[in-house]
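Undergrad: Build the full structure now, drawing on both the sequences and the hints.
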Amino acid sequence: MAEQEMKKKILEATVSILRETSSPSSITVRQIAKRANVSIGSINYNFGSKDALIADAVWQMMGVSAADWYTPDTNPGVDPVTRLRQMFKEGMRLASSYESNMRVGLLHVFET
Numbered sequence: 021m022a023e024q025e026m027k028k029k030i031l032e033a034t035v036s037i038l039r040e041t042s043s044p045s046s047i048t049v050r051q052i053a054k055r056a057n058v059s060i061g062s063i064n065y066n067f068g069s070k071d072a073l074i075a076d077a078v079w080q081m082m083g084v085s086a087a088d089w090y091t092p093d094t095n096p097g098v099d100p101v102t103r104l105r106q107m108f109k110e111g112m113r114l115a116s117s118y119e120s121n122m123r124v125g126l127l128h129v130f131e132t
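Residue 132, in the working numbering, is where the sequence shown stops; the numbers in between run on with no holes.
Derived by calculation from the structure, the hints in this document are not laboratory data. Misleading hints may appear alongside valid ones.
To be verified - In silico DSS-like pairs for lysine-lysine, Cα to Cα no more than 30 Å straight-line:
no.	residue 1	residue 2
1	Lys-54	Lys-70
2	Lys-70	Lys-29
3	Lys-70	Lys-27
4	Lys-29	Lys-54
5	Lys-70	Lys-28
6	Lys-54	Lys-27
7	Lys-28	Lys-54
Claimed, not checked - So the derived label-pair ranges between C-beta atoms look like this:
no.	residue 1	residue 2	range
8	Gln-51	Thr-102	40 to 46 Å
9	Glu-110	Thr-41	22 to 28 Å
10	Pro-100	Ile-60	46 to 52 Å
11	Thr-48	Arg-113	28 to 34 Å
12	Asp-99	Arg-39	33 to 39 Å
13	Gly-61	Gly-111	33 to 39 Å
14	Gln-24	Gln-106	33 to 39 Å
Cβ coordinates follow ideal geometry from the N, Cα and C atoms, glycine included.
TA: Okay, here's the thing in structure tokens:
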């Protein structure tokens, strides 16, 4: 299996598990490896750590959600300040939807 394909498979498995739990810290590398059908070592090799993988998965979840509501050409008549307010409100809504996952993602960002 190609490295990029394996990374994608691991990331998809992690996102799937994150969507099923309210406690990202309870997720184990074994669960992820089993769901992705890869070895445990491939997770550390491709992502460096479980925390880095979970942070990447959280940001992917946020990115997919954000792409659903943000397109630069939406409502071109809306002034930039209003557009920024709308983006901020939606970002906060997304963050609250993924609150427990966001903690993990943000902690990883600020620790690195």
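Undergrad: All the hints need checking, so say for each whether the structure fits it.
TA: Tested hints:
1. This hinted pair checks out: Lys-54 and Lys-70 have alpha carbons roughly 14 Å apart, not beyond 30 Å.
2. A hinted pair counts as satisfied when its Cα atoms are at most 30 Å apart, and Lys-70 with Lys-29 qualifies at roughly 15 Å.
3. Taken as a hint, the Lys-70 and Lys-27 pair is honoured in the structure, with Cα atoms around 13 Å apart against an allowance of 30 Å.
4. Note on Lys-29 and Lys-54: the hinted pairing holds, with a Cα-Cα distance of about 11 Å set against a maximum of 30 Å.
5. For a cut-off of 30 Å, the pair hint linking Lys-70 to Lys-28 stands: about 15 Å separates their Cα positions.
6. Among the hinted pairs, Lys-54 with Lys-27 is consistent with the structure: their alpha-carbon atoms are about 14 Å apart, no more than 30 Å.
7. Between the alpha carbons of Lys-28 and Lys-54 the distance comes to roughly 15 Å, so the proposed pair stays at or under 30 Å and holds.
8. Against the hinted window of 40 to 46 Å, the Cβ-Cβ separation of Gln-51 and Thr-102 comes to about 43 Å, which satisfies the hint.
9. For the pair Glu-110 and Thr-41, the supplied restraint of 22 to 28 Å holds, since their beta-carbon distance comes to about 24 Å.
10. Between Pro-100 and Ile-60, the C-beta spacing of about 48 Å keeps the proposed range 46 to 52 Å intact.
11. For Thr-48 paired with Arg-113, a C-beta distance near 30 Å keeps the hint of 28 to 34 Å intact.
12. A hinted range of 33 to 39 Å holds for the C-beta pair Asp-99 and Arg-39, which are about 36 Å apart.
13. Checked against the hint of 33 to 39 Å, the C-beta distance between Gly-61 and Gly-111 comes to roughly 36 Å, which is consistent with it.
14. At roughly 35 Å, the beta carbons of Gln-24 and Gln-106 sit within the given window of 33 to 39 Å.
Against the hints set out earlier in the document, no violation occurs for any number.
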